[in-house]
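Protein chains: 2
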Amino acid sequence: MSNLRRSVTLASRPKGAPTLDNFEMREEVMPKPGEAEVLTRTLWLSLDPYMRGRMSDKASYAAPIAIGAPMTGETVGEVVESRDPRFTAGDIVVGAFGWQSHIVSSGDRLTIVPTGVPYSAYLGVLGMPGATAYAGMTEIGQVKPGETVVISAASGAVGAVAGQLAKRAGARVVGVAGNPDKCLYIQDTLGFDECIDHRAVMDLGSALRDACPKGIDVYFENVGGDLQDAVYPLMNDYGRMIMCGMVAEYNDTKPRPGPNLMDVVKKRLRIEGFIVTDKLQRFVDWRAMATPWVADGSLHFREHVVDGLENAPEAFIDLLRGHNFGKLVIRVAEPSKGV
Amino acid sequence: MSNLRRSVTLASRPKGAPTLDNFEMREEVMPKPGEAEVLTRTLWLSLDPYMRGRMSDKASYAAPIAIGAPMTGETVGEVVESRDPRFTAGDIVVGAFGWQSHIVSSGDRLTIVPTGVPYSAYLGVLGMPGATAYAGMTEIGQVKPGETVVISAASGAVGAVAGQLAKRAGARVVGVAGNPDKCLYIQDTLGFDECIDHRAVMDLGSALRDACPKGIDVYFENVGGDLQDAVYPLMNDYGRMIMCGMVAEYNDTKPRPGPNLMDVVKKRLRIEGFIVTDKLQRFVDWRAMATPWVADGSLHFREHVVDGLENAPEAFIDLLRGHNFGKLVIRVAEPSKGV
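Just so you know, the protein sequences line up as chains E and X, in that order. Everything in the first sequence is counted per the UniProt record's numbering, starting at 1 for the first residue and increasing by one. Everything in the second sequence is counted per the UniProt record's numbering, starting at 1 for the first residue and increasing by one.
Be aware that a few hints might be false.
[What the hints assert, rightly or not] Computed list of lysine-lysine pairs in DSSO-like fashion (alpha-carbon distance at most 27 Å, straight line):
no., chain 1, residue 1, chain 2, residue 2
1, X, Lys267, E, Lys58
2, X, Lys58, X, Lys214
3, X, Lys266, X, Lys144
4, X, Lys337, X, Lys267
5, X, Lys15, E, Lys266
6, E, Lys267, X, Lys58
7, E, Lys267, X, Lys214
8, X, Lys266, E, Lys279
9, X, Lys167, E, Lys214
10, E, Lys214, E, Lys279
11, X, Lys144, E, Lys279
Everything labelled a hint here was simulated from the structure, so no lab data went into it.
When you get a sec, could you build the whole thing from the sequences and use the hints?
Here is the structure:
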């Protein structure tokens, strides 16, 4: 083990889309864990669209990352040194945050990863994105059999789980994704009823009308932009819009106009946002429910693996462009005992 | 009793704001009730902003009024002739619909008005507007003590009840209305904490910020337009927008842009519409709760009375401009036995 800790830090705030200039790799002396703290060596780092929000200095639900501070992100790590009696060197844990090779965390934030599923699954299907899909579909979506559900960014970490949950609830599920390979995967592997390749259709509205002849009852919003414009007029009476994210607009320098809300009155729509980390019980409930499904292969997930912490900035820039295919994770290091 | 029935019919569909040309008074031979039907003589007719929607041919939650057909509206009537054994001549009933001097209805639609409160109250505070305020505040608003609630069209039939319910729930309540007399009434009689005269302030956003130093938790939307634009950025985390109507936009010939929905994600907002008549139980529950409050004077209401069915079109045009002060009702005729 080198005696330096590597971190990807925020060098400057992006104007519009982030560029490589906005990030800087720094090295520093390896930190030591204090009382009740744990030093982990990062194995896997999760990259997710919400991190774009933290790079801005606009007020949001979480404080912005300070210039010069490490980027934030969920990790799976291996305990190197522990001053919390619940952890010992070699344990594999989730809960340490940062685009960093090594992280010091309070032991209270860490959870030992159970064996039986790949470690990286705890950043995706069993982690924040999976719990997000679960919370949105159960608390807001409340899908009934026979309803039509549209999932944006449907091959992504959140969308893939959201759509599979809607199928389990007996809905007709239509995915929207950005290339033919993703659509093939969404229909053939994830089992959605239809998929629209939004880059291949001339008119998103008419493609959605064709795919949803009975209108749209539930929309899982990860994207915003033109897709939201096309979905909104097709919402049925009592429709629910699960407002999870709007990645197509994260690089906008000023907000676009939204939909006129008179349809909310006429159609009794419910448009509701949520932040999964507001209730940590969601993670507990979701992992209890979904771990057997991951173990038996009935809940499908796909990862897009990029090797090396130094490649995280470029991978993140590509994520915001939709260039990933599946949950984007950075393989930062190998575990000392093998996977 | 004349042997003619007078009706205000829809002569043509308005483009933008309705004009007197859009209405036509017709007379015809008095209809006779069929089997299980009841003929009522209208005493009071309710005029409400939602009727503007029925004059258009756009798809909405209710079918448009046909050209040549009578305008729709709740009434209080006196039974003239009944072929339903539950009603006899002289009974006072609600449930007959139409801008008409006499109406034939199925007996199943009618309810005998209890004595003890003025008949017209069954069109306002104890009728559709009161039940609307109740449904929106309880099902969507769910106000907690200490929260800040903003009520638009606050001296109107719905707003006045909504705000008084919010006060009963322990909230700080800020009304928005269109002239100083209304604001005085809202603060002094209805007991709201503050009132903003939207025609008197230079900057609605800063007036709202001053009146709501802790932000807005619940917004009761009757108005839309500039007020919605000013309220939306001030919504607090977990805020609820009760989408009841947007009267400022009813005469628009094309929809205005709405708010960008990224705030819904960041702030976990809930924006939800409802139509009170979807669940008739709401009327039953509300009348059971509120009738004692009307009888003991603790629930305040104010009526704007216009005499004569022939004056309904002009009164309705003024209603959409906010020229009424209190619940607008047309006194069509006097009861045969006195009030």
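Now for the hints, and whether the structure bears them out:
no.: 1; hint: Lys267/X with Lys58/E; result: holds, 13 Å
no.: 2; hint: Lys58/X with Lys214/X; result: violated, 40 Å
no.: 3; hint: Lys266/X with Lys144/X; result: holds, 21 Å
no.: 4; hint: Lys337/X with Lys267/X; result: violated, 57 Å
no.: 5; hint: Lys15/X with Lys266/E; result: holds, 20 Å
no.: 6; hint: Lys267/E with Lys58/X; result: holds, 13 Å
no.: 7; hint: Lys267/E with Lys214/X; result: violated, 31 Å
no.: 8; hint: Lys266/X with Lys279/E; result: holds, 15 Å
no.: 9; hint: Lys167/X with Lys214/E; result: violated, 42 Å
no.: 10; hint: Lys214/E with Lys279/E; result: violated, 34 Å
no.: 11; hint: Lys144/X with Lys279/E; result: holds, 20 Å
The structure fails hints 2, 4, 7, 9, 10 (numbered hints given earlier, in ascending order).
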